[in-house]
Amino acid sequence: MVLNGSALPPVGKFLDPVNGFWANAEKDIPKQKKALQSDKLHGEVSIVYDERWVPHIFSTDARDAYFAQGYVTASNRLWQMEFQTYASAGRLSEILYHSAGERILNVDRMMRRNGLAESAKASLKSFENDPEANMIITAYTEGVNAYIESLSYRDYPVEYKLLDYKPEPWTGLKCALLLKYMAHMLTGESDDIALTHQLNAYGADFINLFYPDFPVDMKDPIVPEGTVFEKDPALLPQADSASTDTLNNIADIAVTQLPFEKFPEGYGSNNWAVAGSKTKTGAPILCNDPHLALNFPSIWFEMQLSTPDYNVYGVSLPGAPAVIIGFNEHISWGVTNGTRDVKDYYKLTFKDESRKEYLVDGQWEKVSIRRDTFYLRGESEPFIDEVIETRFGTVVYDNGLTKDESTKNLACTWIASEPSNELFTFVKLNRAKNYDDYAAALKHFNCPAQNFVFASKTGDVAIWQQGGLYAFEKGQGRFVQEGTSSDDLWPLKINADYTPHVKNPERGFVSSANQHPTDSLYPYYYNGRFEYFRNRRLNDELRRLTGITVQDMMKLQNDNYNLLAAEALPVMLGYIENNAGYEKYLSIVKDWNYYNDAQQAGPAVFQHWWDSMVAIMFDELLSGDLEYQIPQQYNIIRVMKSHPEHVIFDYKPSANKKETVKELVNISFKETGKYLDSITAAGMELTWANYKHTSVEHLLFTLKPFGRFNIQTGGGKHILNATADRWGPSWRMVVSLEKETKAYGVYPGGQSGNPGSKFYDNFLDKWAAGEYYELWYMKSNQEQSKPVLFTQKLFK
Amino acid sequence: MKTFFIKLILIAGLAWLAQYFTVWYAGPLMALLVNLFWKGSSSQAFFTGFFGLALLWFGLAFYADMSTDGILTVKIAHIFPLGGSRAALIAITTFIGSLCGGLCGWTGALIRGLR
Numbered sequence: 027m028v029l030n031g032s033a034l035p036p037v038g039k040f041l042d043p044v045n046g047f048w049a050n051a052e053k054d055i056p057k058q059k060k061a062l063q064s065d066k067l068h069g070e071v072s073i074v075y076d077e078r079w080v081p082h083i084f085s086t087d088a089r090d091a092y093f094a095q096g097y098v099t100a101s102n103r104l105w106q107m108e109f110q111t112y113a114s115a116g117r118l119s120e121i122l123y124h125s126a127g128e129r130i131l132n133v134d135r136m137m138r139r140n141g142l143a144e145s146a147k148a149s150l151k152s153f154e155n156d157p158e159a160n161m162i163i164t165a166y167t168e169g170v171n172a173y174i175e176s177l178s179y180r181d182y183p184v185e186y187k188l189l190d191y192k193p194e195p196w197t198g199l200k201c202a203l204l205l206k207y208m209a210h211m212l213t214g215e216s217d218d219i220a221l222t223h224q225l226n227a228y229g230a231d232f233i234n235l236f237y238p239d240f241p242v243d244m245k246d247p248i249v250p251e252g253t254v255f256e257k258d259p260a261l262l263p264q265a266d267s268a269s270t271d272t273l274n275n276i277a278d279i280a281v282t283q284l285p286f287e288k289f290p291e292g293y294g295s296n297n298w299a300v301a302g303s304k305t306k307t308g309a310p311i312l313c314n315d316p317h318l319a320l321n322f323p324s325i326w327f328e329m330q331l332s333t334p335d336y337n338v339y340g341v342s343l344p345g346a347p348a349v350i351i352g353f354n355e356h357i358s359w360g361v362t363n364g365t366r367d368v369k370d371y372y373k374l375t376f377k378d379e380s381r382k383e384y385l386v387d388g389q390w391e392k393v394s395i396r397r398d399t400f401y402l403r404g405e406s407e408p409f410i411d412e413v414i415e416t417r418f419g420t421v422v423y424d425n426g427l428t429k430d431e432s433t434k435n436l437a438c439t440w441i442a443s444e445p446s447n448e449l450f451t452f453v454k455l456n457r458a459k460n461y462d463d464y465a466a467a468l469k470h471f472n473c474p475a476q477n478f479v480f481a482s483k484t485g486d487v488a489i490w491q492q493g494g495l496y497a498f499e500k501g502q503g504r505f506v507q508e509g510t511s512s513d514d515l516w517p518l519k520i521n522a523d524y525t526p527h528v529k530n531p532e533r534g535f536v537s538s539a540n541q542h543p544t545d546s547l548y549p550y551y552y553n554g555r556f557e558y559f560r561n562r563r564l565n566d567e568l569r570r571l572t573g574i575t576v577q578d579m580m581k582l583q584n585d586n587y588n589l590l591a592a593e594a595l596p597v598m599l600g601y602i603e604n605n606a607g608y609e610k611y612l613s614i615v616k617d618w619n620y621y622n623d624a625q626q627a628g629p630a631v632f633q634h635w636w637d638s639m640v641a642i643m644f645d646e647l648l649s650g651d652l653e654y655q656i657p658q659q660y661n662i663i664r665v666m667k668s669h670p671e672h673v674i675f676d677y678k679p680s681a682n683k684k685e686t687v688k689e690l691v692n693i694s695f696k697e698t699g700k701y702l703d704s705i706t707a708a709g710m711e712l713t714w715a716n717y718k719h720t721s722v723e724h725l726l727f728t729l730k731p732f733g734r735f736n737i738q739t740g741g742g743k744h745i746l747n748a749t750a751d752r753w754g755p756s757w758r759m760v761v762s763l764e765k766e767t768k769a770y771g772v773y774p775g776g777q778s779g780n781p782g783s784k785f786y787d788n789f790l791d792k793w794a795a796g797e798y799y800e801l802w803y804m805k806s807n808q809e810q811s812k813p814v815l816f817t818q819k820l821f822k
Numbered sequence: 006m007k008t009f010f011i012k013l014i015l016i017a018g019l020a021w022l023a024q025y026f027t028v029w030y031a032g033p034l035m036a037l038l039v040n041l042f043w044k045g046s047s048s049q050a051f052f053t054g055f056f057g058l059a060l061l062w063f064g065l066a067f068y069a070d071m072s073t074d075g076i077l078t079v080k081i082a083h084i085f086p087l088g089g090s091r092a093a094l095i096a097i098t099t100f101i102g103s104l105c106g107g108l109c110g111w112t113g114a115l116i117r118g119l120r
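Top line first, the protein sequences correspond to chains A and B.
The first sequence: position 363 = 389 (the working numbering), numbered continuously.
The second sequence: position 92 = 97 (the working numbering), numbered continuously.
FYI, nobody ran anything at the bench for these hints, they're computed from the structure.
Please note that the accuracy of each hint is not assured.
[Said to hold, decoys possible] Selected chain B positions facing chain A (Cβ under 8 Å, derived; list incomplete):
#1 ILE14
#2 LEU87
#3 SER90
[Stated by the list, open to error] Covered, in the sense of this in silico footprint (three residues per stretch, anywhere, with C-beta under 8 Å from a C-beta of chain B), are these stretches of chain A:
#4 39 to 45
#5 98 to 104
#6 179 to 189
#7 654 to 667
[As the list claims (entries may be wrong)] From chain A, some residues computed to sit far from chain B (all C-beta separations above 10 Å):
#8 ASP76
#9 GLU77
#10 GLU158
#11 ASP231
#12 SER394
#13 ASP398
#14 GLU431
#15 ASP462
#16 ASP514
#17 THR686
#18 GLU766
#19 SER783
#20 LYS784
For each residue, glycine too, the CB sits at the ideal point set by N, CA and C.
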């Protein structure tokens, strides 16, 4: 029997009121042991849970702190942390194959082909070779396992009971897998295949017009315009020989749409730090809100880790040691995604159908074959996948993963599949005391490239885009290349001293919102799909504000100003002529102040109108069979003004008429009126929040009742308050680095992963309202200035 | 009648202990054991098991639901397609427990009869 797409759990076992799901309903606070003895500990650890169920961990050394972090995280988030490692390792079929079948097997196969599991294994080796990293991973793992070993079926998180399986022992590999999972989420997307189709179909002029590498009127990159960049001396000869024109080497491909869900467009993050010269108190303020999928259990777990050597507070990723975004007594830091294209495709030339040899530099070279085994729940025989590996990467889309034969020659090189030690960056940031510590910590970071913002009590503010960044030649990696020459393999990496960064700029602030890291003067080529609205809005506001308070910063994180609409709508309105029957929507949108507030109707009218217009503008791409990529909004707006009669604006269904922008604007406006009439006639009040329908869903999407739907919030894509339908600010943090640090934060969920706990989603309403909690940065475990719900002791 | 109730309470109590320390089906098995060692008609065996487990499963489920304001019950009652009805989920739980209890109790009497 199947329930909403999941297999039915064994009824007696599940409904048993002593051990079954009933045992997961929590009356007050989550069920916890008062004390735990473990001979893995060095001393005593005290864990203070405050009134929001945030654990404050106090230990006598670092090893015990990481043990406690593992124990505490597992106590609250065990199912989630384990499930995410199954996803990253391509092992979901072991849990879900009996109900989800081939669909889940294909997801697993894709994950393995992307090489996450293999690179996690290599990362683990590098952890183990370093005594400190090894200590951290081992202690964390022992902490998680101390919790798992204390469990019986009655104590399992309810998801294990629903899916009828049990937790397996935690391992260091799982920590590595979890970090790779983040790399996958943040850099898994690539538009190389789509852009190659469009280049081949429409030519280089089309690409240059709609997809320029840099915005034509470039403003507000992360490193201020006009900065003079030094070149990495180790790379000079290569970077200067930009004569090799990689555009000559584009592969002729035709890949029909790939069978996997695309990440929604327009997600990203904001972070910034304002120097004391711009704040009311004279102390720097640092802000960060990473935008991620809105899920339960929440992606972040808030905590404080305190040892005699350091005292750090912030959010952690369940399954990975250390605090990822936060502050300590000396500094604060935050991250946004670097958004670079770090996943490239090559078209290989195989000798014959057997694909055992491929051409490199005029010679036939043997491929290596990796055999991946997938255990399938409910089946006695595992599935074996044979994966072809080459110097140009792994062949990802063959052997039945798509029906498309043309993909069997495509190899993928992805930076996330390199072994790496991102964990060290966070461990060192947790203890950093000043700018030099911060800069040294970043050197370990490989993928996903992040913009690390920084502020210190000594008054420094800085931002640094760090991650393994390669010294690409102009145009390299933007399109699918012919993979036949070793010259086209990825070049050397840029030394971390020469990746884009800025410290204490004159303007008094540093910021990032996933935009271009630099202007076009940066000496190394890169490409990606960079933001161009949030960054300009953010910098405009930061330039304007003086005497800044934390309240100003909270307001800015929740700013709903829609710069896209402010730039697009006047152009659209300029073309509108015939609006018979839909005057009311025209007046709504004309009277609108460009703020995407929850209760306004204007943003809904604009958004639908814009989306409909774009859909008919690019109907050639959307209606074809091939992978496509719609140009970015700011380029569309520019071309609407500069080339209103461009051939792409011709609407295919009307074969004997040639449309220009003007007709499309009017056709799409009518379509919008018709649609909005139909949804309001069906009973929906026309507000932006209702139209947008923000929801937070459980990681298992089939478990709808564990989610929350139609949350009344403003914001949206390309808006500082980036709350879209299924994505949004996953943690809002404001830290004022005064003598006594003042910090505020909120995230859309709760500390407990248990849907039967009031701490599962208790922050959500406050988050939706744009409010914050004051974070309790405890100096010692004896502090009593706020209520304590529970104290736990771990001892030797 | 008095025997009936004592037997029923004994089954409920033993079932609670058995389930707490082992697995769910150890509860209904207590109905079997009690009726194996304590003589009675097969209908008494069935109904002491049935109501013994009903008492236990209803009591615990009802308490779990009420004391937590149905925080999880409502969600599970949507996943099992019961339209979010807490009462329906408690009723189904009670029914599963009591049916197993009844059948086990009856089995106990039948095995006793074989000797």
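Here is what the structure says about each hint:
no. : hint       : verdict
1   : ILE14      : 17 Å, violated
2   : LEU87      : 11 Å, violated
3   : SER90      : 12 Å, violated
4   : 39 to 45   : holds (count 6)
5   : 98 to 104  : violated (count 0)
6   : 179 to 189 : holds (count 3)
7   : 654 to 667 : violated (count 0)
8   : ASP76      : 21 Å, holds
9   : GLU77      : 18 Å, holds
10  : GLU158     : 42 Å, holds
11  : ASP231     : 55 Å, holds
12  : SER394     : 45 Å, holds
13  : ASP398     : 33 Å, holds
14  : GLU431     : 41 Å, holds
15  : ASP462     : 49 Å, holds
16  : ASP514     : 52 Å, holds
17  : THR686     : 51 Å, holds
18  : GLU766     : 38 Å, holds
19  : SER783     : 7 Å, violated
20  : LYS784     : 7 Å, violated
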